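**Q** Chain by chain, the residues:
2 protein chains.
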Amino acid sequence: MSQRVSDEAVGEIRSGSSSRRHGDTLPHIHKVGVLPKLPLIQEIKHSVIETFFSDNPFEQFKNQTWSRKFLLGLQSVFPIFEWGRHYDLNKFRGDFISGLTIASLCIPQDIAYAKLANLDPQYALYTSFVAPLVYAFMGSSRDIAIGPVAVVSLLLGTMLSNEISDYKTHEYLRLAFTATFFAGVTQMALGVLRLGFLIDFLSHAAIVGFMAGAAITIALQQLKGLLGIKNFTKKTDVVSVMRSVFSAAHHGWNWQTIVIGVAFLVFLLVTKHIAKKNKKLFWVAAISPMISVIISTFFVYITRADKKGVAIVRHVKKGVNPSSASEIFFSGKHLGAGVRIGVVAGMVALTEAVAIGRTFAAMRDYSIDGNKEMVAMGTMNIIGSLTSCYVATGSFSRSAVNYMAGCKTAVSNIVMSIVVLLTLLLITPLFKYTPNAVLASIIIAAVLGLVNIEAVILLWKVDKFDFLACMGAFFGVIFKSVEIGLLIAVAISFAKILLQVTRPRTAVLGKLPGTTIFRNVQQYPKATQINGMLIIRVDSAIYFSNSNYIKERILRWLTDEEAQRVASGLSRIEYLIVEMSPVTDIDTSGIHAFEELYKSLQKREKQLILANPGPIVVEKLHASQLTNLIGEDKIFLTVADAVSTFGSKGAAVV
Amino acid sequence: MSQRVSDEAVGEIRSGSSSRRHGDTLPHIHKVGVLPKLPLIQEIKHSVIETFFSDNPFEQFKNQTWSRKFLLGLQSVFPIFEWGRHYDLNKFRGDFISGLTIASLCIPQDIAYAKLANLDPQYALYTSFVAPLVYAFMGSSRDIAIGPVAVVSLLLGTMLSNEISDYKTHEYLRLAFTATFFAGVTQMALGVLRLGFLIDFLSHAAIVGFMAGAAITIALQQLKGLLGIKNFTKKTDVVSVMRSVFSAAHHGWNWQTIVIGVAFLVFLLVTKHIAKKNKKLFWVAAISPMISVIISTFFVYITRADKKGVAIVRHVKKGVNPSSASEIFFSGKHLGAGVRIGVVAGMVALTEAVAIGRTFAAMRDYSIDGNKEMVAMGTMNIIGSLTSCYVATGSFSRSAVNYMAGCKTAVSNIVMSIVVLLTLLLITPLFKYTPNAVLASIIIAAVLGLVNIEAVILLWKVDKFDFLACMGAFFGVIFKSVEIGLLIAVAISFAKILLQVTRPRTAVLGKLPGTTIFRNVQQYPKATQINGMLIIRVDSAIYFSNSNYIKERILRWLTDEEAQRVASGLSRIEYLIVEMSPVTDIDTSGIHAFEELYKSLQKREKQLILANPGPIVVEKLHASQLTNLIGEDKIFLTVADAVSTFGSKGAAVV
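Going line by line, the protein sequences match chains S and U. Just so we're aligned, residue 1 is where the first sequence starts under the working numbering, counting upward by one. Just so we're aligned, residue 1 is where the second sequence starts under the working numbering, counting upward by one.
Take the hints with a grain of salt, since some may be wrong.
Quick look at which bits of chain U chain S covers, simulated, 3 or more residues with Cβ under 8 angstroms [claimed, not checked]:
id	stretch
1	355–366
2	456–470
3	513–523
4	531–542
5	571–584
6	597–605
7	619–626
Partner residues are not named here, just some residues of chain S that face chain U (Cβ under 7 angstroms, in silico) [unchecked claim]:
id	residue
8	R304
9	D463
10	D466
11	Q523
12	F544
13	S581
14	D587
15	T588
16	S589
17	E596
18	A623
These are calculated hints, taken from the structure and not from any lab test. If you're wondering where the values come from, they're calculated on a predicted model, not measured in any experiment. We put the beta carbon where it would ideally sit given N, CA and C, even for glycine.
Given the sequences, and given the hints that come with them, work out the whole structure.
**A** Here it is, written out as structure tokens:
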């Protein structure tokens with residue numbers, strides 16, 4: 001029976017005509033296939049398309065009239081012209097309610113986040129007016145809520161004040177607009193050049209760690225506002241911050257501030273907890289920051305607690321965004337810093353926005369076009385930088401509220417934007433008496449959601465290296481600074497990629513009893529090795545970065561395995577079968593490595609046999625004439641074929 | 001028959017106990033295996049070992065007495081104590097002859113190469129005395145010939161004079177020693193920290209291009225000496241050099257120089273050609289540079305051609321290496337430049353040495369320990385920097401001559417070193433009248449061997465991207481500078497790695513008629529797809545850098561394939577089988593991608609089935625509880641199993 005199986009399943013499998021033939025009598029003959037060779041230009045075209053246009057964006061433009069192409073192009077840049085045509089009142093009801101909800105959440109958050117960037121509160125409100133409007137026309141996510149976010153605000157604040165330490169100066173503000181402009185240019189460039197895949201190089205694990213670290217850093221910074229401390233360190237690392245807090249304990253804390261701050265923090269956390277327990281009550285958590293602001297402002301106004309040392313917002317400028325086009329540094333000594341900060345902030349903002357976009361798109365099964373999204377973000381921030389905004393992106397917390405409040409399209413962002421506009425025009429002076437302590441509570445309650453303990457536990461369970469990356473970024477942020485944490489996150493992500501391509505896995509295969517299936521003997525202890533043969537699977541494409549390692553690893557398997565078999569009184573290994581199924585590609589260094597492997601095996605009087613090389617590998621083996629060296633009759637379709645051809649000696653060994 | 005095959009070959013294959021069972025009556029049951037889970041510390045230990053100690057260097061130290069361990073340690077650092085014990089007169093005969101041969105080749109080359117580094121000739125001779133001695137004690141290659149080489153000399157010359165443009169100054173010399181010191185430190189650090197694999201990141205293709213570009217740059221530079229031009233550009237790019245040559249054509253060329261230079265160049269090229277045609281006459285090419293130097297020096301001394309404008313060496317300092325320990329910059333403004341130049345030169349030198357070492361080791365089937373080799377190189381250059389040497393490494397041309405002259409061990413380097421010492425002590429003043437034109441001819445003849453046309457043709461044939469990398473480095477060197485060329489080479493190498501990990505291949509599989517083997521339908525046009533099923537193989541580990549692409553690519557395959565089938569009147573796809581054999585690893589981002597894929601498929605009412613996940617993937621699927629989501633009964637040992645379980649509908653489609 002077993003013999004019959006292999007007869008049936010195996011077949012003769014060589015490519016081209018060769019010197020020797022085995023098993024000509026087998027009923028089914030399958031040669032190792034060779035892909036039809038494409039002309040060079042097609043080959044290049046194919047790989048360019050797969051790299052940069054893997055989402056096939058021009059598919060829809062095929063076979064269309066010019067006017068239709070124009071319309072499709074317009075819809076492609078401004079998706080609102082596509083979904084807007086099917087917009088109806090029913091959808092608007094959802095968008096209106098969710099828009100109002102996120103507006104009530106974003107206004108207090110904005111005023112608070114502006115502080116993280118060392119900017120006056122109105123700049124964050126300006127950002128929440130212009131950016132969502134632009135995004136609504138160009139973006140492809142239906143659930144994202146656009147505006148200033150905590151992490152990017154902190155990153156900007158840190159990097160900007162590294163360059164210009166006095167953040168009261170006009171120079172500082174100009175640098176902020178400059179950085180915003182170049183953040184937009186970076187984002188747009190990535191989208192237009194279709195380099196969106198670059199943001200995939202920041203690994204999920206590193207982002208989790210970075211976000212958690214940034215959240216804790218931000219929360220600790222809020223102790224200043226929450227405790228009413230006047231002299232506070234400008235550094236963001238946990239050691240400096242805690243030292244500031246405790247050195248101010250005896251005379252620097254203000255009990256009135258603490259009462260207000262802690263009371264509202266408890267209120268916010270309780271509402272958050274309620275919303276978490278009962279998903280239907282999500283709006284309780286969503287409006288609680290606004291309620292906190294209203295109550296505390298009124299309270300301070302009545303009691304004039306600001307005269308007792310309770311710090312208040314004091315001044316928010318009224319009116320719509322002024323132009324800031326002339327404020328951007330296009331030359332001078334700050335240009336370089338503006339570009340650098342812009343690129344970093346732009347990339348981080350993009351990573352956050354794309355992560356949010358993808359999460360919600362997966363939940364509703366629609367798709368986000370990464371490159372188009374970047375163009376939208378870029379345009380939004382460029383226009384923002386000309387209208388007194390700073391870097392905007394998608395906010396995790398507000399997007400979740402938006403989704404739960406039943407938003408249908410980006411119209412909810414328009415509704416929010418209009419509410420913010422009305423706020424700017426009419427009621428900003430009312431925020432004068434809002435105590436900073438409440439803003440601090442709002443920030444703390446918001447950023448704690450960025451600490452994703454479950455994700456960290458999953459990282460620990462699934463992949464220890466991912467966990468390490470996560471912890472590296474986390475501790476980098478909290479013990480040094482956001483920049484260092486980000487650098488560590490990127491470095492670890494790259495190290496992981498490099499490790500992956502330098503040290504691929506190899507496995508010794510054995511035959512599962514009663515089948516012609518060969519599997520890793522470590523994973524399947526029942527699998528038995530074949531006498532006189534060693535079967536090794538190489539689990540990676542063979543490139544310059546790993547070719548030498550693979551060659552030496554195979555020879556080491558051979559040496560170790562032979563020593564062990566000879567010690568057990570078994571016969572020596574005569575055939576080395578390399579299972580090539582997972583080897584999807586090989587480059588010239590890989591070819592060289594196989595040449596060297598072949599020579600080494602010849603010196604040791606062993607034969608090299610290849611099983612199931614893929615289409616590209618077969619083509620390259622031929623092009624380099626390595627097939628002639630190894631012998632075409634040594635290349636088989638499956639391991640089973642190779643074994644049944646050469647393995648007449650019989651007895652299997654464990 | 002076919003049914004029987006699948007019955008036999010397939011079997012039931014699930015992991016753990018699950019809700020539903022298929023095919024309980026099948027005769028052989030193989031579950032998808034789970035590797036025994038290692039404790040964390042073991043797991044980390046295993047991957048650290050595989051990354052840094054993949055050559056298992058401590059194997060031999062196991063179960064030895066302390067004195068034996070010491071001896072083994074000594075032999076491990078100084079391999080000469082190992083092979084020296086079996087050294088005999090027969091081996092010495094080979095080493096003596098080859099040592100003399102490479103000495104006769106290295107002395108004229110040294111004097112010429114020193115010019116490339118803008119140093120006086122004696123420094124290259126010093127280098128050829130000390131470096132080979134140190135290497136002979138510590139190195140593990142038997143064939144490499146150590147000393148100054150053309151490319152590293154040019155690289156040093158360019159980088160050093162970018163920092164200190166006046167190379168007549170003592171500062172320049174000190175910077176050269178400083179760079180040499182840090183080149184040694186870099187090499188040693190890479191070896192001690194077992195980071196030797198880092199040099200594998202410079203791809204073979206990029207090196208071929210870089211070497212060819214450097215060779216042509218060097219050859220063009222020699223037109224100065226060959227044509228006797230006085231005012232020559234300091235730039236190395238081909239445009240500046242050719243402009244210098246032609247602008248000097250009317251009054252700057254010296255015919256006497258040209259006659260000498262061209263005559264000896266022809267002589268050298270003819271002897272090279274003879275040696276190439278008849279391998280036994282290799283020594284003709286090996287001694288021809290020395291003969292050229294002797295004849296031309298004698299000729300100039302007799303005719304006093306130097307008074308007719310023939311440039312001569314003029315001065316070579318007599319005597320053994322002076323100490324240069326106090327010359328190295330350990331502080332001051334040049335320290336940074338010294339470190340930077342040292343790191344770059346050290347890496348390039350190492351790349352060249354390791355490539356040579358591996359090539360000859362493969363030819364004779366012994367093995368080179370990359371990390372140990374780096375420690376040897378590092379020590380050699382550190383000692384060199386203290387004794388007035390500049391960066392030494394293995395020379396391609398001299399190593400080949402060494403091999404062909406029948407060297408047996410590194411003793412040939414000792415012989416060469418002693419000959420160079422005698423030269424320094426006794427006959428250096430005789431080189432006074434050696435015409436620069438002859439040195440130029442020697443350099444041109446030597447570096448032309450670095451242009452490896454055949455390798456370039458092979459690159460073109462085998463891998464177009466490799467060819468592009470090669471050309472990028474080549475044109476970078478000849479049109480800009482060696483540094484830019486090197487930068488391009490590194491950048492292209494990295495781009496290739498990143499491309500590889502971002503855009504892995506996927507393939508649609510079909511069943512080979514009469515077998516249970518599933519193969520790429522593009523490679524095997526006879527393979528038929530199964531009605532109602534789509535089988536996709538993912539050809540890569542799934543990591544954060546590609547997880548999103550893989551998910552979207554699979555969904556795109558599904559959409560396209562379904563549209564095509566429905567258009568052909570076939571039934572819609574109900575099962576998506578993902579063949580996971582090549583997926584050797586998966587990280588948390590990959591797990592997320594599969595979760596999202598599962599959700600998208602659910603929305604489309606299709607089932608997700610996994611076939612043959614590897615041991616690590618199975619472990620992680622369990623750890624993340626993704627198996628519970630997908631269903632353990634949806635995970636199979638082979639594609640054939642999955643098909644025979646769900647594919648009752650029968651008819652195959654093409």
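**Q** Enumerate the violated hints, using their earlier numbering and listing them in ascending order.
**A** Those not satisfied come down to hint 8.
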